[in-house]
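Q: In order, the protein sequences belong to chains A and B.
Be aware that the first sequence starts at 1, since it is given in the numbering used here, and climbs by one per residue.
Be aware that the second sequence starts at 1, since it is given in the numbering used here, and climbs by one per residue.
Check each hint, because a few of them may be wrong.
So the derived label-pair ranges between C-beta atoms look like this [unchecked claim]:
| hint | chain 1 | residue 1 | chain 2 | residue 2 | range |
| --- | --- | --- | --- | --- | --- |
| 1 | A | 30 | B | 16 | 54 to 64 Å |
| 2 | A | 78 | B | 120 | 37 to 47 Å |
| 3 | B | 72 | A | 12 | 47 to 57 Å |
| 4 | B | 119 | A | 130 | 18 to 28 Å |
| 5 | A | 210 | B | 119 | 19 to 29 Å |
| 6 | B | 101 | A | 5 | 19 to 29 Å |
| 7 | B | 16 | A | 49 | 49 to 59 Å |
Keep in mind the hints are simulated off the structure, nothing from the lab.
Heads up, the beta-carbon is just placed ideally off N, CA and C, and yes, glycines get one too.
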Amino acid sequence: MWETTIDGRTLHFHLAGINNQNFIMRDEETGSWWQQVTGEAILGPLKGRRLTRVPQDEISFALWKREQPMGRVLRPDPRAAAAGRYAPADWETGIAKLPVATQIRDRRLDLRELVVGVTVNGRAKAYRMTDVQQQNPIIDTVGGVPLVIVAAADGRSVRAFSRVVDGKPADFFARPEATLLVDSATGSEWEFAGRAVGGPLTGRQLAKIELLRDYWFDWRAYHPDTAVYSVGLARQRS
Amino acid sequence: MSRRLLWFLLVIIVAVTLAVVIVPAWVIQPFRPQSPRGLEVSFALKRVAPFVTIVALLACLALVVKLWRGARWSRVFLVIILLPPAVSAWFARQNHFEWMFNPLANAGYALADAATFVADTDLVMAVARNGEAVAYPIRQLAYHHLVPDTVGRVPIVVTY
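Could you put the whole structure together from the sequences, leaning on the hints where they help?
A: Structural data, given as structure tokens:
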């Protein structure tokens, strides 16, 4: 997701092609080609320029409704819906069977393994979705920043937050019956939006770290130096 | 100019005008890998294609006219050979990716509790800016790929 204003000019984008399964968009104003995942113009008059990223959150609709009851939701296009262009509810299982045309040879993970990835201070790290679901929460440090990866009760919505509270890295564990994190230092309870809702630290907000849900091959293609989280190591530094 | 030469020119121009549109479409295929060089070449060809294909079509027309008078059986062929440059000139002006993935024209929105077209378990891409919150269901984004919007007075493009 990108802000479309650059140098004071608002650009209008169209789908233009695909680059190793990540699509390319073209702006009407200059005809430059931009890579969707990086927001960088790869060809054309604006080559090398980068769009400003808009922080995004990929979460379940139920969770979003609870957090943003006054929000608005994009309607489907009636013609596209009628023509059956939209994916069915279980589309992720279908996609998993498609061939992957890529030059990525890094097989630390299966090419179509679902991961969540973070980039902090230029260091990238990928966490298998299955690890996140099983270990919830994952305590880690990336790019020198202590962070926590937490999955919601729905098992699909995942967020990452900085673990630093009052200048010190906190340790968290999960309350199994609800999407609540508890920090071991004060016993305060934190909800999935990163805000403390009970205990001495009530009202505090953890800093959100942007996280991308992606397939391994795509994450690896755009983060060639990425680390991969391994379950079973007590504390990791990367 | 000899008729032989004119025919030769005609064939060459048809080959070039076809290559100019076919090469980028071939390189930028969804399930094939792309190289940076391939993209560079495709970009350059796509930029010049609208102009080159029109010039090629006019050149072919001129050549066909010149060859018409001396021809008998080959008049049929002369007509047929105008089809490829005409198709190229047309295709050079199309965005075939938007045929595959229709852009979302006139995007409409519903309030959260009125959005019955999204299931609770569906994933959405959520944005919040300056007090405004919007959710874009992944199932729609996965098809349209690109939705322009303005959230919290900031123009954005939602991509997937």
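Q: Take the hints in turn and mark each one as holding or not.
A: Consistency of the hints with the structure:
1. 30(A) / 16(B): 54 to 64 Å: violated (27 Å)
2. 78(A) / 120(B): 37 to 47 Å: violated (22 Å)
3. 72(B) / 12(A): 47 to 57 Å: Check passed, 53 Å falls within 47 to 57 Å.
4. 119(B) / 130(A): 18 to 28 Å: The hinted range 18 to 28 Å holds for residue 119(B) and residue 130(A), with Cβ atoms some 23 Å apart.
5. 210(A) / 119(B): 19 to 29 Å: Since the Cβ atoms of residue 210(A) and residue 119(B) sit about 26 Å apart, the hinted range of 19 to 29 Å holds.
6. 101(B) / 5(A): 19 to 29 Å: holds (24 Å)
7. 16(B) / 49(A): 49 to 59 Å: Since residue 16(B) and residue 49(A) have Cβ atoms about 33 Å apart, the given range 49 to 59 Å is violated.
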